[in-house]
Amino acid sequence: MRSLAIELSIYGPLVTVYFFLALRYAKEPLLQLYYENPPLYATASTIAIIAQGVLLEMFTSWLLRRIGLR
Amino acid sequence: MEFPIAQVIINPFVLAGTGFFVGVLGGFFGVGGGFIAGPLMFWAGVPINFVVGTDLAHMTGKSIVAGRVHRAMGHVDMRLAVLMILGTIPGVEIGAQIIEHLKSVGNTEEVVGFSYVIILTAIGLFTAWESLRAMRVRQTERLASQDVISVNSLLVRSRLFRLPPLVRLPVSGVEEVSIWAIIFVGAVTGLLAGLLGVGGGFLRMPLMIYVLGIPTHVAVGTDLFEIAISAGFGTISHALKGNVDILIALTMQTGAAIGAQIGAAGTRYVSGPSMRLLFSILPIVAAVLVLLRILG
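Sequence lines, in order, name chains A and B. Counting from 1, one number per residue, gives the positions in the first sequence under my numbering. Counting from 1, one number per residue, gives the positions in the second sequence under my numbering.
Accuracy of the hints is not assured; some may be wrong.
Unchecked claim - Result set (DSS-like, lysine-lysine): computed pairs, CA atoms no more than 27 Å apart in a straight line:
1. B:LYS103 / B:LYS241
2. B:LYS241 / A:LYS27
3. A:LYS27 / B:LYS103
As the list claims (entries may be wrong) - Far from chain A, by Cβ distances over 10 Å, these chain B residues were calculated:
4. ALA44
5. LEU102
6. SER115
7. ILE236
8. VAL244
9. ILE246
10. THR251
11. VAL288
12. LEU291
It should be emphasised that the hints constitute simulated quantities derived from the structure, not laboratory data. The C-beta atom is built at its ideal place from N, Cα and C for all residues, glycine as well.
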């Protein structure tokens, strides 16, 4: 529970800032790709979701090691 | 906030919270959580074809994260996973083609919605019944709690299904099982993934346990590996057909990343039958959510 609370308090604000920035800057290019180039949109979507998943997991693990909980 | 691809307005914190919740479920039960996330998105007003595609996209990243954690814990049977993919990929594509046909006919929402309700209710009831029986067996015979499976007749029957070629699964402790049985499990769950936008874990996990005889903890890890493959393929297929709003998926994933780690760590403290009993509640809840949206 201590691990969860610390992780949430650090990770939560950082992720909030990240997704507002990502949504703001990625919205237009992705919308354009969606209508104009579906194969590229499919590729970009798959790469984006995998990359974000791996990076978030690495970041969380690093954070836990850094604060001595793993 | 407006999500212009699916053309809906949803609070991004609700999406991140939903992601966190399904992330915990994914890590704990070895399911992608699509059967909960899908109904929640549908309930929030996302069109059903976007629910299917976006749910698969969200699960792709999340299941990779949770799968890595389980693999590090030795809970993934790679031989079983690779064989199952042979059935999963064609199954996903058939499901995606059915969605395209339903879109052209114009009754996607009803067909997919009622399919959700029927399948989720059946899975929930069966798993609850079985895990309660298994817990009674454990109390009377004092077997190892992680390996108690009460539906022995189903297990024995499937093991008797010895259509060659047969394969050994040493990581799972299975002496011999037909490759066709493994491919069949992959194909059925792949079809559901493509049709309903779920990873298929809520069906694949019971099938692996009851039909193939895989121990619960290995089934959890192997299932996450399968979800990553089937959801990844389904994402590409549905994105090409215009059914994926990647912005919704990315927002949900921010919450799922942390939830998956917490869920995976929780499997160390709960026995197999207890885990399955908890699991049985979720499909029923999801079925009620879908039913409310269809009737509403």
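Each hint, compared with the structure:
1. B:LYS103 / B:LYS241: Roughly 11 Å separates the two Cα atoms, so the pair holds.
2. B:LYS241 / A:LYS27: Distance ~19 Å between LYS241 of chain B and LYS27 of chain A Cα, so the pair holds.
3. A:LYS27 / B:LYS103: 26 Å, holds
4. ALA44: 17 Å, holds
5. LEU102: Nearest chain A Cβ is 19 Å from LEU102 of chain B, so the label holds.
6. SER115: 25 Å, holds
7. ILE236: At roughly 5 Å from the nearest Cβ of chain A, ILE236 of chain B sits no farther out than 10 Å, so the non-interface label is violated.
8. VAL244: 6 Å, violated
9. ILE246: 4 Å, violated
10. THR251: Non-interface label on THR251 of chain B violated, nearest chain A Cβ at 6 Å vs cutoff 10 Å.
11. VAL288: Non-interface label stands for VAL288 of chain B: nearest chain A Cβ at 28 Å, farther than 10 Å.
12. LEU291: 29 Å, holds
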